[in-house]
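Colleague: Line by line, the protein sequences are chains S and A. Residues in the first sequence are numbered consecutively from 0, following numbering that gives the first Met the number 0. Residues in the second sequence are numbered consecutively from 0, following numbering that gives the first Met the number 0.
Please keep in mind that the hints were generated in silico from the structure rather than gathered at the bench. Keep in mind that a hint or two might mislead.
Some chain S residues close to chain A (C-beta under 7 Å, calculated; not the full set) [said to hold, decoys possible]:
id, residue
1, Ser26
2, Leu35
3, Asn37
4, Arg45
Covered by chain S, per the in silico footprint, the following chain A stretches (three or more residues, Cβ under 8 Å) [to be verified]:
id, region
5, 38-52
6, 55-67
7, 126-133
8, 160-170
Calculated lysine-lysine pairs in the DSSO-like style (CA-CA distance at most 30 Å, straight line) [as the list claims (entries may be wrong)]:
id, chain 1, residue 1, chain 2, residue 2
9, A, Lys21, A, Lys114
10, S, Lys47, A, Lys211
11, A, Lys155, S, Lys47
12, A, Lys114, A, Lys5
13, S, Lys47, A, Lys114
Just so it is clear, CB atoms sit at the ideal spot from N, CA and C, and this is done for glycine as well.
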Amino acid sequence: MGARDPGEIVVQEFFHMDGYAFYVWGSYAIVSAVLLLNVISIRLQRRKILRELAELSEEE
Amino acid sequence: MHFIHKYGSPNYFYQWSGTWLKILSALTLILMALGLYWALIISPPDYQQSETVRIMYIHVPSAWMSMFTYVVMASAGVVAMIWRIKVAEIVVAQSAIIGASFTLLALVTGMLWGKPMWGAYWVWDARLTSELVLLFLYVGVLAIYSAYEDPRTGAKAASILAIVGVINIPIIHYSVEWWNTLHQGPTVTKFDSPSAPLSMLTPLFIMFFAFKTYFFALLFARTRNALLSRERHTSWVQEILEK
Numbered sequence: 000m001g002a003r004d005p006g007e008i009v010v011q012e013f014f015h016m017d018g019y020a021f022y023v024w025g026s027y028a029i030v031s032a033v034l035l036l037n038v039i040s041i042r043l044q045r046r047k048i049l050r051e052l053a054e055l056s057e058e059e
Numbered sequence: 000m001h002f003i004h005k006y007g008s009p010n011y012f013y014q015w016s017g018t019w020l021k022i023l024s025a026l027t028l029i030l031m032a033l034g035l036y037w038a039l040i041i042s043p044p045d046y047q048q049s050e051t052v053r054i055m056y057i058h059v060p061s062a063w064m065s066m067f068t069y070v071v072m073a074s075a076g077v078v079a080m081i082w083r084i085k086v087a088e089i090v091v092a093q094s095a096i097i098g099a100s101f102t103l104l105a106l107v108t109g110m111l112w113g114k115p116m117w118g119a120y121w122v123w124d125a126r127l128t129s130e131l132v133l134l135f136l137y138v139g140v141l142a143i144y145s146a147y148e149d150p151r152t153g154a155k156a157a158s159i160l161a162i163v164g165v166i167n168i169p170i171i172h173y174s175v176e177w178w179n180t181l182h183q184g185p186t187v188t189k190f191d192s193p194s195a196p197l198s199m200l201t202p203l204f205i206m207f208f209a210f211k212t213y214f215f216a217l218l219f220a221r222t223r224n225a226l227l228s229r230e231r232h233t234s235w236v237q238e239i240l241e242k
C-alpha cells in the first residue's frame, strides 16, 4: 500500500465520525429533511392558493 | 390594547410580516450555514461522547424550540380567546404543525444519540416521556382544530387544549431535577459553573438562533398562506392580487 493523501484521510475520517456515522449523519439527515420539507410544502401551498385565487377572480 | 387589533388585523399583518419574512429567511440561511460548519467541522469531538456530541447541536435546539413553539401557540390561544383576533386563531394551528415537527426531531435525534451512548433508543424516563406527551398535545390541538367545520369554532376549542397543556412545559423543563432521569440535567443554563467549553457552546448557540429565525420565518409564511386562502373574498386580498 502506498502512502495515502492526507487530505483523503481527513475526508474519510469526517464521514466515518469515529464509527458513529449512522447516528450522527442519520440525525443531520432527518433534521435537514424535515426542515426542508416544511419550506417546500409552504411554497407549493402558496402556489396552489395563488392559482385558485387567480381562477376565482377570472370567474367574476 | 389598541396594538393587538392593529398588528392582528389580517391586512396589516400580511403587510408587515412580508418584510420580516424576507429578513428572517436570509438570517436563517446565514446562521444555518455558519452553524453547520461550526457543528460539523470546527468543534472538537467530546472526550466521553466522541463524535456523537455533534448530535447535540441539532438535538438541543430542536428540544428548546419544541417548548418555545408551545408557549407561542398557547399565547396565541389566549389572544384568540380574549380578543377574538383571527390572525391569532390561525397562529394557533400553524404553530401546532411547526411545534410537532420540532418535537419529532428532538425525539428522533435523542434516540439516535441514546442508542450508542445509553445502549437503548428509548427509555421511559421523565424527560423523554414528558416530551412524548408534548407531541401528543400538538397532535391533539391539530385534531381538534380540524374537527370543526367552522375554523373559528375549531380554533376556540383547540386554544383551550393549548392553554391547559402549558402545564407540561415546566414539567419537561424540571423533569431532570424532580425525577431521577437517565437524561442528563441542565448543562447550558448553569451559568455559575458552565460545564461545556466555549468550542461547544458556540455552535449550539448559532444553531439555536438559526432554529429561532427559521421558526418565525416558517410561522409567518404559513400564516400568510392561510390568511390569503381564508380572506379570499375580501378587498385587501383582491388588491394584492391585482398588483
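Colleague: Decide, hint by hint, whether the structure agrees.
Modeller: Consistency of the hints with the structure:
1. Interface restraint check for serine 26 of chain S: the shortest CB-CB distance to chain A comes to about 4 Å, inside 7 Å, so the restraint holds.
2. The interface hint given for leucine 35 of chain S is violated, since its Cβ lies 11 Å from the closest Cβ of chain A, which is over the 7 Å cut-off.
3. Interface hint status for asparagine 37 of chain S: upheld, as the beta-carbon distance to the closest one in chain A is roughly 6 Å, under 7 Å.
4. For arginine 45 of chain S, the interface hint holds, since its Cβ comes within 7 Å of a Cβ in chain A; the closest pair sits about 5 Å apart.
5. Coverage of the region 38-52 of chain A by chain S holds [criterion: at least 3 residues with CB-CB distance below 8 Å; count 6].
6. For the region 55-67 of chain A, the proposed coverage by chain S is satisfied: 3 residues have a C-beta within less than 8 Å of a C-beta in that chain, meeting the threshold of three.
7. Evaluation of the coverage hint for the region 126-133 of chain A: breached, as 0 residues show C-beta separations to chain S shorter than 8 Å, against a requirement of three.
8. Here the region 160-170 of chain A counts 0 residues with a CB under 8 Å from a CB of chain S, which misses the bar of 3, and the coverage is violated.
9. This hinted pair does not check out: lysine 21 of chain A and lysine 114 of chain A have alpha carbons roughly 39 Å apart, beyond 30 Å.
10. Taken as a hint, the lysine 47 of chain S and lysine 211 of chain A pair is honoured in the structure, with Cα atoms around 27 Å apart against an allowance of 30 Å.
11. Between lysine 155 of chain A and lysine 47 of chain S the alpha-carbon distance is near 27 Å, which keeps this suggested pair within the 30 Å criterion.
12. Between lysine 114 of chain A and lysine 5 of chain A the CA atoms are separated by roughly 50 Å; this puts the pair beyond 30 Å, and the hint is violated.
13. Between lysine 47 of chain S and lysine 114 of chain A, the direct Cα distance comes to roughly 42 Å. Violation of the 30 Å bound is thereby established for this hinted pair.
Hints 2, 7, 8, 9, 12, 13, counting from the list given before, are not met by this structure.
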